[in-house]
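A.B. asks: So the sequences go chain by chain: A and B. Heads up: take any position in the first sequence, counting from 1, add 7, and you land on our numbering. Heads up: take any position in the second sequence, counting from 1, add 18, and you land on our numbering.
The set of hints was computed from the structure by calculation and includes no laboratory data. C-beta: ideal position from N, C-alpha, C; glycine also. Among these hints, one or two may not hold up.
As the list claims (entries may be wrong) - A few chain A residues that don't get close to chain B, going by computed Cβ distances all over 12 Å:
hint	residue
1	Phe-65
2	Arg-97
3	Thr-112
4	Lys-122
5	Arg-163
6	Lys-184
7	Arg-188
8	Glu-202
9	Ser-248
10	Tyr-341
11	Ser-372
12	Thr-396
Stated by the list, open to error - Partial selection, computed: residues in chain A whose CB lies under 8 Å from chain B:
hint	residue
13	His-87
14	Pro-88
15	Gly-89
16	Leu-91
17	Val-93
18	Leu-94
19	Met-321
20	Pro-324
21	Asn-325
22	Leu-327
23	Pro-328
24	Leu-331
What follows is the residue order along each chain.
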Amino acid sequence: RSGRKMRHQLRLQTRLQNALLRHYNINSQYKPHLIRDYWEPVIGLEIHAQISSISKLFSRVGTRYGAPPNTQVGIFESAHPGTLPVLNKRCVEAGIKTALAFGATVNKISLFDRKHYFYPDLPAGYQITQLDYPLASNGRLEFIVLNSSLHKHPYRHSVDLLQLQLEEDSGKSIHDKDNNRVLVDLNRAGQPLMELVFAPGLRNGEEAAAMVKEVALILTRIGTCNGRMHEGALRVDANISVHRPDEPLGTRTEVKNLGSIGSLLKAVDYEIQRQIDILESGGNVTSETRSFDTHTQETISMRDKEVIQDYRFMPEPNLLPLRLHDSSEPNCQYDGSLDISKVRAKIPELPEATRQKLIRDYGLSLENAFLLASKDDLLDYFMAVMSNTKRSSKLVCNLLLNNLLEALNSINTDITNSPLSASAFGEIVDLQQSCRIVTNISQQVISAICIERDSRSPTQIVLDNNWLQLSNDVMEEIVEKILADNLELVEKYKKSKKKKLLNALMGKINKASDNRANMKIVNDVLLKKLSS
Amino acid sequence: DMGMNYLSLSIRDVSSLLKQKTISSLELCNAALKRQNAVAKLHPFITHTPDLARESALHSQKRYDRGEQNLPLDGIPVAVKDNFCTSGIPTTCGSVMLQNYIPTYSATVVRRLQKAGAVIVGKTNLDEFGMGSGTTDSTFGPSKNIYRSGVEYNFLHPSREYDNILSRIPSTALENGDWYVTGGSSGGSALAVASGTTFLALGSDTGGSVRNPSSYCGVVGLKPSYGLVSRFGLISLVNSLDVPGLFGRYVDDVATMLSVVSGLDPQDSTSVSSDLQNLKLPENPSLDGLIIGIPREYHWPGMSKEIVDEWTKVADLMEDSGAQVRRLISEDFSKVWASGVNLLLTPVTLSTAIRYSEFQNLDNRTQTATQDICTQAANMAGVPAVSIPVSLNTEGLPVSLQLIGQWGKDPAMLSAAKWVEQNVKFPRINILE
Numbered sequence: 008r009s010g011r012k013m014r015h016q017l018r019l020q021t022r023l024q025n026a027l028l029r030h031y032n033i034n035s036q037y038k039p040h041l042i043r044d045y046w047e048p049v050i051g052l053e054i055h056a057q058i059s060s061i062s063k064l065f066s067r068v069g070t071r072y073g074a075p076p077n078t079q080v081g082i083f084e085s086a087h088p089g090t091l092p093v094l095n096k097r098c099v100e101a102g103i104k105t106a107l108a109f110g111a112t113v114n115k116i117s118l119f120d121r122k123h124y125f126y127p128d129l130p131a132g133y134q135i136t137q138l139d140y141p142l143a144s145n146g147r148l149e150f151i152v153l154n155s156s157l158h159k160h161p162y163r164h165s166v167d168l169l170q171l172q173l174e175e176d177s178g179k180s181i182h183d184k185d186n187n188r189v190l191v192d193l194n195r196a197g198q199p200l201m202e203l204v205f206a207p208g209l210r211n212g213e214e215a216a217a218m219v220k221e222v223a224l225i226l227t228r229i230g231t232c233n234g235r236m237h238e239g240a241l242r243v244d245a246n247i248s249v250h251r252p253d254e255p256l257g258t259r260t261e262v263k264n265l266g267s268i269g270s271l272l273k274a275v276d277y278e279i280q281r282q283i284d285i286l287e288s289g290g291n292v293t294s295e296t297r298s299f300d301t302h303t304q305e306t307i308s309m310r311d312k313e314v315i316q317d318y319r320f321m322p323e324p325n326l327l328p329l330r331l332h333d334s335s336e337p338n339c340q341y342d343g344s345l346d347i348s349k350v351r352a353k354i355p356e357l358p359e360a361t362r363q364k365l366i367r368d369y370g371l372s373l374e375n376a377f378l379l380a381s382k383d384d385l386l387d388y389f390m391a392v393m394s395n396t397k398r399s400s401k402l403v404c405n406l407l408l409n410n411l412l413e414a415l416n417s418i419n420t421d422i423t424n425s426p427l428s429a430s431a432f433g434e435i436v437d438l439q440q441s442c443r444i445v446t447n448i449s450q451q452v453i454s455a456i457c458i459e460r461d462s463r464s465p466t467q468i469v470l471d472n473n474w475l476q477l478s479n480d481v482m483e484e485i486v487e488k489i490l491a492d493n494l495e496l497v498e499k500y501k502k503s504k505k506k507k508l509l510n511a512l513m514g515k516i517n518k519a520s521d522n523r524a525n526m527k528i529v530n531d532v533l534l535k536k537l538s539s
Numbered sequence: 019d020m021g022m023n024y025l026s027l028s029i030r031d032v033s034s035l036l037k038q039k040t041i042s043s044l045e046l047c048n049a050a051l052k053r054q055n056a057v058a059k060l061h062p063f064i065t066h067t068p069d070l071a072r073e074s075a076l077h078s079q080k081r082y083d084r085g086e087q088n089l090p091l092d093g094i095p096v097a098v099k100d101n102f103c104t105s106g107i108p109t110t111c112g113s114v115m116l117q118n119y120i121p122t123y124s125a126t127v128v129r130r131l132q133k134a135g136a137v138i139v140g141k142t143n144l145d146e147f148g149m150g151s152g153t154t155d156s157t158f159g160p161s162k163n164i165y166r167s168g169v170e171y172n173f174l175h176p177s178r179e180y181d182n183i184l185s186r187i188p189s190t191a192l193e194n195g196d197w198y199v200t201g202g203s204s205g206g207s208a209l210a211v212a213s214g215t216t217f218l219a220l221g222s223d224t225g226g227s228v229r230n231p232s233s234y235c236g237v238v239g240l241k242p243s244y245g246l247v248s249r250f251g252l253i254s255l256v257n258s259l260d261v262p263g264l265f266g267r268y269v270d271d272v273a274t275m276l277s278v279v280s281g282l283d284p285q286d287s288t289s290v291s292s293d294l295q296n297l298k299l300p301e302n303p304s305l306d307g308l309i310i311g312i313p314r315e316y317h318w319p320g321m322s323k324e325i326v327d328e329w330t331k332v333a334d335l336m337e338d339s340g341a342q343v344r345r346l347i348s349e350d351f352s353k354v355w356a357s358g359v360n361l362l363l364t365p366v367t368l369s370t371a372i373r374y375s376e377f378q379n380l381d382n383r384t385q386t387a388t389q390d391i392c393t394q395a396a397n398m399a400g401v402p403a404v405s406i407p408v409s410l411n412t413e414g415l416p417v418s419l420q421l422i423g424q425w426g427k428d429p430a431m432l433s434a435a436k437w438v439e440q441n442v443k444f445p446r447i448n449i450l451e
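Chain A extracted, bound-state conformation:
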């Protein structure tokens, strides 16, 4: 058995290695995801994404986040007798758009069902959802695990999207323990959700985190969800089990309502370990629903769900089957309420395509491509600067991602409201790229404009402050002077060649030159002089 296992792992290794080499020219070992050589964790995620829509899924009531409690509730979502659902067209469009972005098949006919259970924040006693005939099925999500702690290099992974369904959200129950009561806010009741059900193809917390980050990015890019987990716009349930390789899947637990990437990461890894501990001590994992306690950082059982729920699914009798057509198909009958083809035309460039473009066309590293592609305004800024094709993308990235973002951070501003415009930033890039200023000075100009709100142009600031990079002659003079003034230090270095001593000399030179010397060139010159 172990021989077969080893050969299987070897095949996996080779396949993945080749894939990695193809994609990233990285020569890395792909290690299998076994913990203590015994256990294979299996994780499947269900993601609930709130559709960005002005009104709710089945009524015209508003969806604004942060509205005072129970001010966005109408007669339908508070389940007044006699009220009926009317399907929101924009929400269907959003569902179709999302399905297409994940390469899923949009089903021409889908049905709505009632899922019954009793809870104070579900006034009707049932949720309208889609069970067996959802809006879309058979998609696929590819993502990259960027900063893997298990593998020293980024790697690709993919998970199947089993189905995408439209459903309404429930209200919120707020447990007021001090006063021994539960407060119900129905603002969220009836809000439109897309549930994305993924296959159990993940193996640990960091894969789950990377996957959800990519999902949030895609949804934000296509505009169907704002991806704000802290606002509850994206919620993740994780189904987790462990099993020995070559044995059937273990009993799974469901950890519900993970509201941040951090919680997801910790909850998944904690639950895997908890199950392994149980199994290794001879026990059995109970199939149950658990929640994640952010204070203790542990998953805890939700005891009130001991009884297996019978949701008594039935077709929603007040909604017709949702029919769609695709005018790009040859035999289209045009008998649906929406044209899938029209929605397809509205899908913008997806994040992975953007990253590929940045790597291919601008030679960016994977990490930098990730950073830029993760925020539209940052990407726009970059592209604006790079519209001058002579500029070095590497230099632009450095100054943008390291220097400018840090300056903006310190004044609590984002790139959209940057006091330093893209064109002014480009000016700084040009100055540095042409060796007229050094990195230190670039930083100072950025700070001046952003933090001190200096309104002069970068070139003006440099000139006014006499910050131009020192000419090689002047620089050599300074080096000679420092060497002459620090003979002891020079002797010490010549004997020990300690880097610390070299840096000390460099520091003195830098100070003497008012930060205007190009320290790279200084380094070369210094070393040359010291070796003679």
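Once you've looked at the hints, dock chain B against the given chain A.
C.D. replies: Frame of chain A, contents of chain B only:
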């Protein structure tokens, strides 16, 4: 009191009088409210709305005064079953749970009636949440059939040669304080129309809840095709079977009401568009070219002889008038329509109205299952059906029959119903109080 006589007229006739200002909307309204008091012991209404009614009647009167005559139900008193939401008016469904529920919105059919000028005089009694076939299981007490109730009435018949027969039909109260059920669950609405407190009433039909009480109370009861009339604001019993149903004393009146309430409603996703807004049945409908089917499955064991006799009689009458009557039909509706049959003629109930003392021997569930036997099928298939009173039996109780039509062909079915009405000449009840 002349006003009371107007209450037994057809809508067309009373509308002309209103237009000619022979009677005012307010006078008509007051007559209806007075009749309500006279028959209050039969309990047709849960909630009376006399102030609202008078207010509506005043508005109607002003319209007539200004010479505006275009609203089809202007000034006509109507009743609404208490499972239709009416804004600002308690809507109880005959239950404890909703006894204090005052909706903030009105059902679409209610709004359409109001827009057509109708004067709503009250919310009628029903079996709780529509579950029942007697209107005996309401939290607020049962409704009692007007026939043999002790309320004084005689009969009107267009032909004088019947006067002798009519005077011999019993109309006195039953012994021992017993009474006849109205049928259900829309018993209050059927009673409101039969007792002349309103010209029209809204009910709901899920398994026969409009046709059953109209059969027992001797009025016309229409169950429209599913989807023709909006269910928005109708508190549901079974969403996929429920339809708003219509009561009236004349087929033409019911047709007018259908023209007002039918039509696509964006708030009801299961409603369809229709062109019934100007529905007018032919003056003299004929059965020429129609094929009427008599399904043998509807001849249930235990069905009363007088029902079967009337069924045969009307079938013969139709045959004599040029319709082709086919007497052996298979069960499935679509097969029936495909075989060329246009309409089915069947009984509505197994018998005439049942005495209360007998009715409560069976529990609600069993009773309903028995009572719904002739009516349930139309709800399952979503097809239209109408109950028409055809004669009085020896106890002086109405005997009714049912026509069932193809989905969406409500006008054709109503035309045939009007033919039946014109040819059987059902003796009309004339309340003397």
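A.B. asks: The structure should be examined with respect to each hint, and the outcome stated for every one.
C.D. replies: Status of the hints after comparison with the structure:
{"no.": "1", "hint": "Phe-65", "verdict": "violated, 9 Å"}
{"no.": "2", "hint": "Arg-97", "verdict": "holds, 16 Å"}
{"no.": "3", "hint": "Thr-112", "verdict": "holds, 25 Å"}
{"no.": "4", "hint": "Lys-122", "verdict": "holds, 16 Å"}
{"no.": "5", "hint": "Arg-163", "verdict": "holds, 44 Å"}
{"no.": "6", "hint": "Lys-184", "verdict": "holds, 31 Å"}
{"no.": "7", "hint": "Arg-188", "verdict": "holds, 23 Å"}
{"no.": "8", "hint": "Glu-202", "verdict": "holds, 22 Å"}
{"no.": "9", "hint": "Ser-248", "verdict": "holds, 39 Å"}
{"no.": "10", "hint": "Tyr-341", "verdict": "holds, 19 Å"}
{"no.": "11", "hint": "Ser-372", "verdict": "holds, 53 Å"}
{"no.": "12", "hint": "Thr-396", "verdict": "holds, 55 Å"}
{"no.": "13", "hint": "His-87", "verdict": "holds, 7 Å"}
{"no.": "14", "hint": "Pro-88", "verdict": "holds, 4 Å"}
{"no.": "15", "hint": "Gly-89", "verdict": "holds, 4 Å"}
{"no.": "16", "hint": "Leu-91", "verdict": "holds, 5 Å"}
{"no.": "17", "hint": "Val-93", "verdict": "holds, 6 Å"}
{"no.": "18", "hint": "Leu-94", "verdict": "holds, 7 Å"}
{"no.": "19", "hint": "Met-321", "verdict": "violated, 10 Å"}
{"no.": "20", "hint": "Pro-324", "verdict": "holds, 4 Å"}
{"no.": "21", "hint": "Asn-325", "verdict": "holds, 5 Å"}
{"no.": "22", "hint": "Leu-327", "verdict": "holds, 6 Å"}
{"no.": "23", "hint": "Pro-328", "verdict": "violated, 11 Å"}
{"no.": "24", "hint": "Leu-331", "verdict": "violated, 16 Å"}
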